[in-house]
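Colleague: Chains A and B are the protein sequences, given in the same order. Residues in the first sequence are numbered consecutively from 1, following the working numbering. Residues in the second sequence are numbered consecutively from 440, following the working numbering.
Please note that the accuracy of each hint is not assured.
Claimed, not checked - Straight-line Cα separation of at most 30 Å, DSBU-like style, residue types lysine-lysine; simulated pairs:
| id | chain 1 | residue 1 | chain 2 | residue 2 |
| --- | --- | --- | --- | --- |
| 1 | A | Lys6 | B | Lys503 |
| 2 | B | Lys535 | B | Lys503 |
| 3 | B | Lys455 | A | Lys35 |
Claimed, not checked - Covered stretches of chain A (in silico footprint by chain B; criterion: 3 or more residues with CB under 8 Å from a CB of chain B, positions within the stretch not fixed):
| id | region |
| --- | --- |
| 4 | 13-20 |
| 5 | 92-103 |
| 6 | 133-144 |
| 7 | 220-226 |
To be clear, the hints were calculated from the coordinates, so they are not data collected in a lab. C-beta atoms are modelled at their ideal positions from N, C-alpha and C, and glycine is treated no differently.
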Amino acid sequence: MATQLKKTVKPSGGDYTSLEACMNANEQNLVTADKYFDVEIDGDWSGGNDTSECTIHNYTTSSSAYINIYTTATAFHGGKPDTTKYCNYQTDSDVSNLRVHSQYVTITGLFFKKVPAWDYGGANLTNVSEPNVVFASCYWQMHNSYASNRNCLYASVASIEPLFKNCVIWSSGSVSSGAMFTFPDSIGWEFINCTVIGWEGNFPTDLGGGTFTNNISHGRGTYDYGDWAGEKRGTFTTNLSFDSSGEISNKTLTFVDSANGDFHLLSTDTDAIDVGTDITSITTVDIDGQTREVGDWDVGADEYFAPTNFSRGDYASLPTTNADLETIYSAGEITQVSLDDSDRVSQTGAGQYIIHQYKADVEANTSCSLKWNGQSSLSTVTSAVKLQIYKVSTTTWEDVDTESGTGANTDFDLTGTIADLTNYKDGTIITCRVYQLGT
Amino acid sequence: MAELLVRASGHWLDSKTQAQVDAMSAGDRQSYNARSQVGDIIVVKPDGWVWGLEECLPTFIVVKLPGVSEEESKYYEQGLIDNTNPEHPVLLKRRKYQVPSDIIQTQIDLAETVIEIPAGKGEETDPIETFMSTIIEKTS
Numbered sequence: 001m002a003t004q005l006k007k008t009v010k011p012s013g014g015d016y017t018s019l020e021a022c023m024n025a026n027e028q029n030l031v032t033a034d035k036y037f038d039v040e041i042d043g044d045w046s047g048g049n050d051t052s053e054c055t056i057h058n059y060t061t062s063s064s065a066y067i068n069i070y071t072t073a074t075a076f077h078g079g080k081p082d083t084t085k086y087c088n089y090q091t092d093s094d095v096s097n098l099r100v101h102s103q104y105v106t107i108t109g110l111f112f113k114k115v116p117a118w119d120y121g122g123a124n125l126t127n128v129s130e131p132n133v134v135f136a137s138c139y140w141q142m143h144n145s146y147a148s149n150r151n152c153l154y155a156s157v158a159s160i161e162p163l164f165k166n167c168v169i170w171s172s173g174s175v176s177s178g179a180m181f182t183f184p185d186s187i188g189w190e191f192i193n194c195t196v197i198g199w200e201g202n203f204p205t206d207l208g209g210g211t212f213t214n215n216i217s218h219g220r221g222t223y224d225y226g227d228w229a230g231e232k233r234g235t236f237t238t239n240l241s242f243d244s245s246g247e248i249s250n251k252t253l254t255f256v257d258s259a260n261g262d263f264h265l266l267s268t269d270t271d272a273i274d275v276g277t278d279i280t281s282i283t284t285v286d287i288d289g290q291t292r293e294v295g296d297w298d299v300g301a302d303e304y305f306a307p308t309n310f311s312r313g314d315y316a317s318l319p320t321t322n323a324d325l326e327t328i329y330s331a332g333e334i335t336q337v338s339l340d341d342s343d344r345v346s347q348t349g350a351g352q353y354i355i356h357q358y359k360a361d362v363e364a365n366t367s368c369s370l371k372w373n374g375q376s377s378l379s380t381v382t383s384a385v386k387l388q389i390y391k392v393s394t395t396t397w398e399d400v401d402t403e404s405g406t407g408a409n410t411d412f413d414l415t416g417t418i419a420d421l422t423n424y425k426d427g428t429i430i431t432c433r434v435y436q437l438g439t
Numbered sequence: 440m441a442e443l444l445v446r447a448s449g450h451w452l453d454s455k456t457q458a459q460v461d462a463m464s465a466g467d468r469q470s471y472n473a474r475s476q477v478g479d480i481i482v483v484k485p486d487g488w489v490w491g492l493e494e495c496l497p498t499f500i501v502v503k504l505p506g507v508s509e510e511e512s513k514y515y516e517q518g519l520i521d522n523t524n525p526e527h528p529v530l531l532k533r534r535k536y537q538v539p540s541d542i543i544q545t546q547i548d549l550a551e552t553v554i555e556i557p558a559g560k561g562e563e564t565d566p567i568e569t570f571m572s573t574i575i576e577k578t579s
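Let the hints inform the model, and build the full structure from the sequences given.
Modeller: Following this line, the structure appears as structure tokens:
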């Protein structure tokens with residue numbers, strides 16, 4: 001039974017400060033050591049990116065003695081560019097973000113960005129030369145303004161069977177090339193539920209066959225799928241295109257914020273919602289780690305969920321700044337207020353507060369209605385309960401509704417309408433709280 | 440200013456015998472020959488970098504180069520790649536640039552992770568220039 005070898009990569013306080021140093025220092029025969037290697041990337045990366053090209057090389061691995069590189073919720077990109085999260089960032093045109101020369105490697109939740117400083121040079125990912133390499137929920141961005149070859153994924157000798165699932169692959173610069181560039185001896189590339197945007201050729205499949213399922217592709221070239229002549233090689237199933245080359249063809253999606261790389265689906269992107277093929281044998285989640293809906297499977301990296309209010313439970317002290325508010329959610333952490341608002345905590349000390357804090361994803365909406373249902377063991381006649389919304393533009397809380405006429409342990413509603421959300425949205429998220437001054 | 444993270448420990452493949460190397464497949468032998476070596480400059484960071492808990496001896500030493508910018512020295516991170524056929528580049532060495540092994544051994548003997556090269560103060564011989572001139576550029 002293999003045992004865990006675990007190392008951490010953090011801006012401070014971890015074992016390593018770059019992924020490259022971590023992978024270089026621990027090269028070994030994991031099979032004879034009978035270990036699997038977990039590399040956890042954690043921490044707040046707002047102080048700077050990981051700027052060293054990473055090469056995974058000279059590890060001996062197996063299906064049980066594997067390498068697993070992942071981000072924690074703190075370092076995870078959240079499916080869009082975020083300068084506080086982990087990013088391997090390269091400006092040197094001659095290097096890549098990543099090279100993988102070992103088998104049995106899974107990389108989950110990493111952001112790779114390259115902004116070439118001069119013409120010619122490497123891709124985001126170069127030379128996956130061994131089989132059994134998986135990229136899950138990774139975000140690849142190439143921001144190029146030079147003329148020549150700038151692929152996201154570049155495969156030369158015998159690149160074999162890498163699997164990309166729930167990834168975003170974005171060419172954001174003024175000049176683009178193919179999202180991937182492979183040679184005929186590169187076989188079996190798989191793209192499952194990826195969103196591939198902005199490339200001159202998104203899937204030039206001049207390779208020995210690939211599998212393409214549930215992707216969204218929107219390029220700036222002639223064909224969203226296929227090589228430069230539009231020829232498709234491999235197996236294509238329920239892929240969406242903006243042109244005629246996909247199985248779900250001639251569609252137009254808008255996404256949450258395309259200009260800034262947020263390709264989460266909007267409620268209006270109905271052409272991508274519930275039209276995919278269930279592939280639970282390969283993935284059960286989307287780029288955000290949310291469980292996909294079997295039977296209503298979406299195409300692309302994001303699974304759309306209707307906006308809901310999220311509760312993170314009750315707090316015994318009043319947040320004073322926006323930094324006190326949780327901003328990251330995963331399916332395992334949240335409770336939907338609309339389904340369950342029973343999580344109440346009795347307060348015991350003077351000067352404490354009953355706080356119920358929640359957030360809502362309002363997408364592109366310009367207004368919204370708020371409603372909170374709950375009760376307190378302290379009568380609102382004695383101490384009023386307020387529903388407030390956080391105003392981002394002034395970093396202050398504003399009252400939405402106040403309840404002062406309901407007795408203890410009795411349900412009441414707090415409601416309100418925000419007619420103009422402009423000053424309240426942080427991206428697409430608004431933050432609300434309910435509190436009652438203790439006695 | 441820059442700081443260099445330099446490999447101080449040997450590689451697990453160093454223990455392979457010539458017979459074992461001869462028995463390797465061509466691909467494995469290529470990886471073997473390209474393996475990291477003592478003295479390889481693995482990562483370059485700006486001056487004052489707070490290194491991780493394991494970015495130290497016995498695996499690494501840190502060379503501080505006051506007055507040398509990170510941008511100037513970032514190219515030390517590059518590998519030695521044969522681009523004769525640009526469609527099929529070959530990684531010949533994991534790193535192209537290497538600090539001499541005697542400098543590494545001195546730090547190991549002293550059990551000192553950090554070596555700081557003093558900035559020149561108008562002397563005829565600049566210590567940083569002297570150090571930089573010792574860095575080995577691999578060619579094959």
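Colleague: Look at each hint and say if it fits the structure.
Modeller: We went through each hint and held it up to the structure:
1. Taking the CA atoms of A:Lys6 and B:Lys503, the gap is near 29 Å; set against the 30 Å cutoff, the hint holds.
2. Our distance criterion of 30 Å between C-alpha atoms is met by B:Lys535 and B:Lys503, whose separation comes to about 19 Å.
3. Between B:Lys455 and A:Lys35 the alpha-carbon distance is near 21 Å, which keeps this suggested pair within the 30 Å criterion.
4. A count of 7 residues in the region 13-20 of chain A with a Cβ less than 8 Å from any Cβ of chain B is obtained; the coverage claim is therefore met, three being the minimum.
5. Given as covered by chain B, the region 92-103 of chain A passes the check, having 5 residues with a CB less than 8 Å from a CB of that chain where 3 are the minimum.
6. With 0 residues bearing a CB less than 8 Å from a CB of chain B, the region 133-144 of chain A misses the requirement of three and the coverage assertion fails.
7. Given as covered by chain B, the region 220-226 of chain A fails the check, having 0 residues with a CB less than 8 Å from a CB of that chain where 3 are the minimum.
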